[in-house]
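Asker: Starting from the given sequences, assemble the full structure and let the hints guide the process.
Residue numbering for the sequence shown follows UniProt numbering, starting at 1 and increasing by one per position.
Keep in mind the hints are simulated off the structure, nothing from the lab.
On a predicted model such as this, the values are computed, not experimentally measured, just so you know.
Quick reminder that beta carbons are idealized off the backbone N, C-alpha and C, glycines included.
Treat the hints with care, as some may be off.
What the hints assert, rightly or not - Within a straight-line C-alpha distance of at most 20 Å, the following computed PhoX-like cross-link-like pairs (lysine-lysine) qualify:
1) K961 x K914
2) K102 x K153
3) K674 x K614
4) K896 x K1060
5) K896 x K802
6) K623 x K673
7) K764 x K743
8) K121 x K110
9) K865 x K850
10) K709 x K614
11) K709 x K743
12) K744 x K476
13) K614 x K675
14) K115 x K104
15) K440 x K429
16) K186 x K101
17) K914 x K926
Stated by the list, open to error - Taking CB as the label site, the calculated pair distances span:
18) P416 x R123: 51 to 61 Å
19) S384 x D741: 48 to 58 Å
20) E114 x P400: 37 to 47 Å
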Amino acid sequence: MNSIASSATGLSPFYVLYGYQPPVSATQDRAAIVPSAYQAAQRCRRVWTKARAQLLKSSAVYTRAANHHRIPAPSYQDEKMSNCKVLLLRTLEELEAEELKKFKWYLQQKGMLEKFPSIPKSRLENVDRVDLVDQMVQSYCVRTIQVAKMVLKLISRNDLVENFNVPEPEDILYECQQKLKFKLQKKSQYIFEKITKTGNSKLLSDIYTEIYIIIGETEDINVDHEVRQIETVSKKLEPPETIIRQEDIFKLQPGRDGPIRTLMTKGVAGIGKTVLTQKFTLDWAEDRTNQDIHFLFPFTFRELNVLKETKFSLVELVHHFFADIQEAGICRFDEFQVLFIFDGLDECRLPLDFHRNQILTDVTESTSVDVLLTNLIRKNLLPSARLWITTRPAAANQIPAECVDLVTEVRGFTDPQKEEYFRKRFTDKEMATKIISHIKISQSLHIMCHIPVFCWITASVLENVLKSKEGKVLPKTLTEMYIHFLVVQTKLKIVKYDSKADSGSHWNRENKEMIGSLGKLAFEQLQKGNLIFYESDLEECGIDVPAASVYSGVVTEFFKEECELYDNKVFCFIHLSVQEFLAALHVHLTFITSGVDLLKQSENEVPEHKPELKHLYQTAVDKALESPNGHLDLFLRFLLGLSLETNQCLLRGLLTPKGKTSQINQETIQYIKKKIGEDFSPERSINLFHCLNELKDRSLVNEILWFLKSGSLLTDKLFPAHWAALVYILLSSEKDLDLFDLKKYSASEETLLRMLPVVKASNKACLSDCNLSNRSCEALSSVLNSQSSSLRELDLSNNDLKDSGVQRLSAGLKSPQCQLETLRLSGCLITDGGCASLASALSSNSSHLKELDLSYNHPGDSGVKLLSEALMDPDCRLETLNLDHGGVQRLRPGLKKYACELTLDPNTAHRNLKLSADLKEVTKVKEQLLYPDHPDRFIERCHLLCREVLPERSYWEVEWKGMVHVAVTYGGIRRKGSWVYSNLGRKGQSWSLLCSDDGYIIRLDGKERSVSSRSSSRLSSLSSSSSSSSVSHRVAVYVDRPAGILSFYKVSSGTLIQLKTIKTIFKEPIYAVFGFRNFDSSVTLCSL
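Answerer: Next up, the structure:
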């Protein structure tokens, strides 16, 4: 039992996770403790220098400690401070009744005692001399004697002043602070990797590795499974988030007007929140950092839970945990800079009723711990104090947002920090390199190593495996890793606690019973949603508490035995994933041994029919998919992983491999694939792919990978399961998702909705010209409102979103989670109504928009005015606003908003081309016409240009007959000489679509490529007719010259069907040009 209790930290064993941090010399100015205390403090320190040296010489115990931390001088100040009360009482007893009355009167007068507060008359009425001493100490703490001297002089009893021969207040404060630092240093300096009977531990300062902390003011609650959150966050461990170091966490940040009073630090379980506060405490106690803080008081909510029914004042609560403060007589803290650390809000069992709890302002008034905390957080109580609260994200909303000045998030280890951890963890460099290489190969393991506690698990397992005979076969899946972890812990227990050699037979009856009981505890508490539990919970599962402590790597007791504050003991698994693994193991073992499906019935029920394993797995899949927050996702992965015979062999002795499980596994795999194809959220579908990975089936993923590699991905032929596989592959890619271009897959709203997780994980999303509507805007708004979104740039140009769509999108822009910096809404049918929504979003203090493109819309004068006023708002961060090319014509749907009026240029027409009188139609004829000579006329090729230079964005339609080229070209195209130089589609000069009754041919760079119906269906799903091979005699051209986009469409029954989009760079002005191959071929410019 002492193995865990002896830790005396209340901390989980993942504290091995941190590497060396060079010490900083304690050069801080001691005067910071109390402004007038420096000289007195120095005198006090000199007095004890010789005594301190003598102690170090005489005791071997102090020798090691001296190498790591200072030994505070022995102090008689506490005794003297206690004597102060006796001395004051004796002095008051020498006062006559009238003098005592005057003494009390002066204490009641405001401003009479210089800077010291008066004591209310109600507190001094009818008090005797003993009570008067208590009232004065309560009000003036260590300065009680100083106040007493002042009052004695006022009542002309200078003779009694000479009786006071006690330490100066500054001496008492400094000495008290040093004792507090010494105890906190002693408590915080060690971390425990594998807590054993001998207390195997390491110095935190030697192995601390910085973890990734960002500043992020967030209000939404991410209800996803925390492993899923880590998988999402692993894509985001790079700027633009503001990174902060732990020692700077309370320092004034750029852009903030005032100091930080209440700080909240969020992070998933095992990510390093507690060790962060421990390192902060240690650095303060060792005079390294934050010496502007006079007193630091760390609490855990586990400790406070036990005091739920006890009444304290704030002063009494501090005295309860920190006796040195009471002994020094300190009972007020408003003169000092105090920091309260409250670790583990997610484990709080106090009501924390901020709306109904009474208001409390007196630090000496007793009440419940719950009321104390709510008033402390609301700044009613000791508003000068600083507060630091740590929590898992799901519990953060217990604290009202207005009570929190700054939110930070612990993101765990970045990729370089993972390597740093493993290289510091192992002195054997070759082993460290092997482990790092193996983790990088397995994506699931690499992602999980963002969690520091998983790094410890991985290090424990891989070190053991590499040293064993089977060292060549390293675990690649999560299930394999946790099976090895369980085996390692069991072997450790046999060797270190049973004093037996590791003979290989570690699953004796005792160990099997213990694992069974721990599994039962894990499953029952997982069903209840409990992450911490008490001794009674263990006893209900048949667990002997001293025996459970032997498995210190699996279940950790958080009990500060040295404090002797309470008898209740709190337990939890070192990480939620360990609890979920043991829960899955318990469900599997129960089914194998008794045939009971715990997901459907209780353990004591007798099944009516003989159940089948495949039904157990199918039930687990269904229940995981039904979970709104995915709390069974990891449990499901482990349960399915345990179905593999290879994994069962790793647990031989604990369970018997069933054999011939391949058929059951295949049925389970097919069931999962079927579910992937159903209408579940992308997050649930992605977890099913992780489940397939645990079952070592990658067939679905490999199909998509083959299509992607071959370039033959036909998106209109994909089933829902394939879409889910595509999303999984993109999210699992080691490459950063910098740009997501929807048109690369399919320019449709349905495709966008299927691929939203990819949009969320990308830095930039190009969704222009994809036929999006209000429905897409609502979905994108949820992306912008997501805490896990990486999106910084969004292009929605050329979608008919209208004002209603922009209104939905603006709701996401107002979200505190939205980090979008660039938004392009060019050509989206926006009027003054949409501008009003955008202006409101720009004026919200959460908007990060720096660039907004509203060109080719119709904002009108009122819309321009609204946006201009928003630009003047001090909260608006917009740097670039584009309102060019506006007008009522921009409200036409589709690409017609860019319609331009073209006329044929007779000065360029070949002499075999006959033009209509209105210059809108041209036909190739056999006889040559008598056109006058002109330098712009085509001589060799049967071409002609249009007169107008094409605008930056232009759209036109033509009807054709015969065989014609519809193209764009630079004005400098050759008119005469070799016909080769005037060919349409020549490299870098012109781009052409050849239209004929046989189909369409794109001519680029001097080469011809047919545009088949397959190509058309792959590139666009604009309408059902896109798959048709029929030829329309009407085509359309769209040019976005600045963007370098040229698109050709066929027009069928008023519907645009994309034939080809070309990405290029237009280096000079371009013109529409037509070329004719056959006689009687013609082109007519259509009126739009």
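Asker: If a hint holds in the structure, say so; if it does not, say that too.
Answerer: How the hints compare with the structure:
no.	hint	verdict
1	K961 x K914	holds, 14 Å
2	K102 x K153	holds, 12 Å
3	K674 x K614	holds, 15 Å
4	K896 x K1060	holds, 18 Å
5	K896 x K802	holds, 15 Å
6	K623 x K673	holds, 16 Å
7	K764 x K743	holds, 14 Å
8	K121 x K110	holds, 11 Å
9	K865 x K850	holds, 19 Å
10	K709 x K614	violated, 35 Å
11	K709 x K743	holds, 18 Å
12	K744 x K476	violated, 33 Å
13	K614 x K675	holds, 15 Å
14	K115 x K104	holds, 17 Å
15	K440 x K429	holds, 17 Å
16	K186 x K101	violated, 48 Å
17	K914 x K926	holds, 10 Å
18	P416 x R123: 51 to 61 Å	holds, 60 Å
19	S384 x D741: 48 to 58 Å	holds, 54 Å
20	E114 x P400: 37 to 47 Å	holds, 39 Å
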